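Student: Residue numbers (my numbering), protein chains in the order written: chain W, 1 to 247; chain X, 1 to 304.
These aren't lab readings, by the way, just hints derived from the structure by calculation. Since we're looking at a predicted model, the values are computed, not measured. Take the hints with a grain of salt, since some may be wrong.
In the DMTMM-like style, the derived pairs of lysine to aspartate or glutamate whose C-alpha atoms are separated by at most 25 Å in a straight line are [stated by the list, open to error]:
id, chain 1, residue 1, chain 2, residue 2
1, X, LYS130, W, GLU18
2, W, LYS5, X, ASP110
3, W, LYS13, X, GLU122
4, W, LYS5, X, ASP113
5, W, LYS5, X, GLU77
6, X, LYS123, W, GLU18
7, X, LYS225, X, GLU250
8, X, LYS136, W, GLU18
9, W, LYS13, X, ASP110
Short, incomplete list of chain X residues facing chain W, as computed with Cβ under 7 Å [what the hints assert, rightly or not]:
id, residue
10, THR73
11, SER76
12, GLU77
13, ILE81
14, GLU85
15, SER86
16, ALA87
17, ILE88
18, PRO89
19, ARG91
20, LEU100
21, SER103
22, PHE104
From the three backbone atoms N, C-alpha and C, an ideal C-beta is built for every residue, glycine too.
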Amino acid sequence: MRGLKQLIFINIKLYLREPIATFFTLAFPPLLILLFGTMYGNDPLPLYGGYGAMDITMPAYSALVLGTVGLLSVPITTGGYREQGILRRYRATPLRPLTYIIADVLTNLVITLIGMVVLVAFGWLIYQVQFEGHVLSVLMAVILGGLSMFAVGYLIASIVPGARTAQVVGMVIFYPMMFLSGASVPLEVMPETVRRISNFIPLTYVVSLLRGLWFGNGWGEHLTEVIVLGGVLVVCAGLAARFFRWE
Amino acid sequence: MSSVIEVYGLRKTYDEVVAVDDVSFEVLQGEIFGMVGPNGAGKTTTIECVEGLRQPDGGHIRLLGEDPSTAHTAISECIGIQLQESAIPARLRVGEAMSLFGSFYTRQADARDLLDHLGLTEKWSTSFSKLSGGQKQRLFIALALINQPEVIFFDELTTGLDPQARRAMWDLVRQIQDQGRTVFLTTHFMEEAERLCDRVAIIDHGKIVALDTPEELIRSLGVEKQIVFILPDGPSELPLTDLPQVDRIERSGERVVVYGHGERFAGTVVTALEHAGIGFQDLRTEQPTLEDVFLALTGREMRE
Chain W
1 MRGLKQLIFI
11 NIKLYLREPI
21 ATFFTLAFPP
31 LLILLFGTMY
41 GNDPLPLYGG
51 YGAMDITMPA
61 YSALVLGTVG
71 LLSVPITTGG
81 YREQGILRRY
91 RATPLRPLTY
101 IIADVLTNLV
111 ITLIGMVVLV
121 AFGWLIYQVQ
131 FEGHVLSVLM
141 AVILGGLSMF
151 AVGYLIASIV
161 PGARTAQVVG
171 MVIFYPMMFL
181 SGASVPLEVM
191 PETVRRISNF
201 IPLTYVVSLL
211 RGLWFGNGWG
221 EHLTEVIVLG
231 GVLVVCAGLA
241 ARFFRWE
Chain X
1 MSSVIEVYGL
11 RKTYDEVVAV
21 DDVSFEVLQG
31 EIFGMVGPNG
41 AGKTTTIECV
51 EGLRQPDGGH
61 IRLLGEDPST
71 AHTAISECIG
81 IQLQESAIPA
91 RLRVGEAMSL
101 FGSFYTRQAD
111 ARDLLDHLGL
121 TEKWSTSFSK
131 LSGGQKQRLF
141 IALALINQPE
151 VIFFDELTTG
161 LDPQARRAMW
171 DLVRQIQDQG
181 RTVFLTTHFM
191 EEAERLCDRV
201 AIIDHGKIVA
211 LDTPEELIRS
221 LGVEKQIVFI
231 LPDGPSELPL
241 TDLPQVDRIE
251 RSGERVVVYG
261 HGERFAGTVV
271 TALEHAGIGF
281 QDLRTEQPTL
291 EDVFLALTGR
301 EMRE
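Sequences are here, hints too, so could you generate the full structure?
Tutor: As structure tokens, this is what we get:
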């Protein structure tokens with residue numbers, strides 16, 4: 001695993017130097033909170049099981065960050081690195097492909113966690129949002145949700161020809177997911193038809209797993225989510241490993 | 001001298017197209033070995049098979065005694081590679097690139113010394129995307145040298161550089177050789193191969209058509225040497241026709257071209273002219289080049 005630490009460190013620096021990516025991961029979710037917080041406030045509502053709109057937004061937007069990183073950052077960066085010959089340059093060193101992938105995954109997890117910390121700090125400062133779960137448990141859910149979303153991202157990067165296509169495919173998958181999964185708008189306010197569609201969207205399960213654990217549920221109440229996300233992870237990672245190209 | 005690279009019967013096809021066809025050669029310890037040929041001749045495919053970045057379809061390659069396609073990680077520790085088409089992340093800075101790539105190897109050179117030597121010290125905090133073409137190329141050399149490699153590969157090192165930067169690159173390559181390293185390079189500039197390489201393999205349509213020192217390749221052509229000079233005093237009898245090295249003489253106005261052969265051709269002609277007190281001007285000799293060798297071997301001009 002020579003080079004792992006340095007690669008993660010450099011990857012994070014490079015990520016933070018990309019203004020657009022940084023905006024969507026770190027600044028966009030807090031801005032949404034300001035916007036929707038001003039509109040809806042955070043008063044407890046029976047619709048949300050006695051929690052406020054901002055309370056339930058915290059885990060939902062955390063899922064949003066995971067989706068952004070997995071479905072947009074991963075395919076665009078990986079596709080771009082391949083297209084520009086950066087992956088080729090890494091292959092011309094003793095750096096092992098597995099080390100590269102692990103570094104990339106860990107980088108994206110760290111970025112996601114930074115995004116979540118900024119988001120929650122924001123929500124707590126302005127709306128004193130509630131958290132009733134276990135930090136470790138939520139962290140595990142973030143890792144599971146993250147790995148499954150990243151796997152989808154690597155699969156996109158593996159099968160599309162270039163960075164541009166990766167971007168288009170990522171967006172086509174991401175935007176419907178964002179609106180139909182409860183990550184941006186709570187599913188409680190959606191019509192029944194939309195909710196039925198959302199059952200087929202992987203990000204929905206990230207949202208509901210995070211939300212459940214956030215408010216103190218046990219893992220036993222979320223076995224469906226674990227099975228779906230585990231399945232997405234195994235299938236997509238397997239296919240990505242099969243079709244991944246370094247050049 | 002021992003060989004550090006051995007290639008026998010290398011063959012590589014892409015779909016139906018044969019890129020490299022039964023190529024065999026050796027690269028000796030400490031030499032600058034060049035593979036020269038037009039674009040699409042199979043140079044990059046060959047060098048990348050030797051580097052272990054491409055899987056050959058046939059043949060046998062040994063790099064430092066190992067098979068590069070199976071011992072990639074171990075061999076990468078001891079070699080340096082500059083790729084024809086590659087990049088590092090646009091926002092990665094020069095100093096960061098050096099320490100990142102250095103961290104991939106067990107053996108590391110001093111990054112600041114290397115950059116100093118390549119004239120990049122002041123670019124330490126500059127992003128890759130802000131570097132000029134020549135600076136990028138020098139950074140790639142620095143990255144290829146970061147592990148103090150025994151063998152270093154340059155694929156089209158000077159393509160896209162202006163003539164001055166190209167000459168500066170040649171000096172760098174010679175310095176790398178002076179440090180005791182072996183250099184394997186490809187180029188489509190015949191002049192580069194002639195000036196820089198100890199031995200040259202000329203490759204065309206995936207086959208090696210000639211392999212020797214540049215001097216020997218040119219000599220083997222048996223092409224006549226030429227001496228050109230001006231006689232401002234107009235026609236006078238030239239005391240050259242009896243010299244054994246002189247084949248024939250062509251005159252047009254003041255301009256005289258003497259064709260001949262042999263090691264001492266130029267010296268003999270000049271001495272004879274001096275001796276007869278003939279006031280010649282602007283005397284120069286014209287040697288055939290590798291360009292002519294390529295033309296003679298393939299029947300085609302070797303132009304970009």
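Student: Which of the stated hints cannot be reconciled with the structure, identified by number in ascending sequence?
Tutor: Structure breaks no hint.
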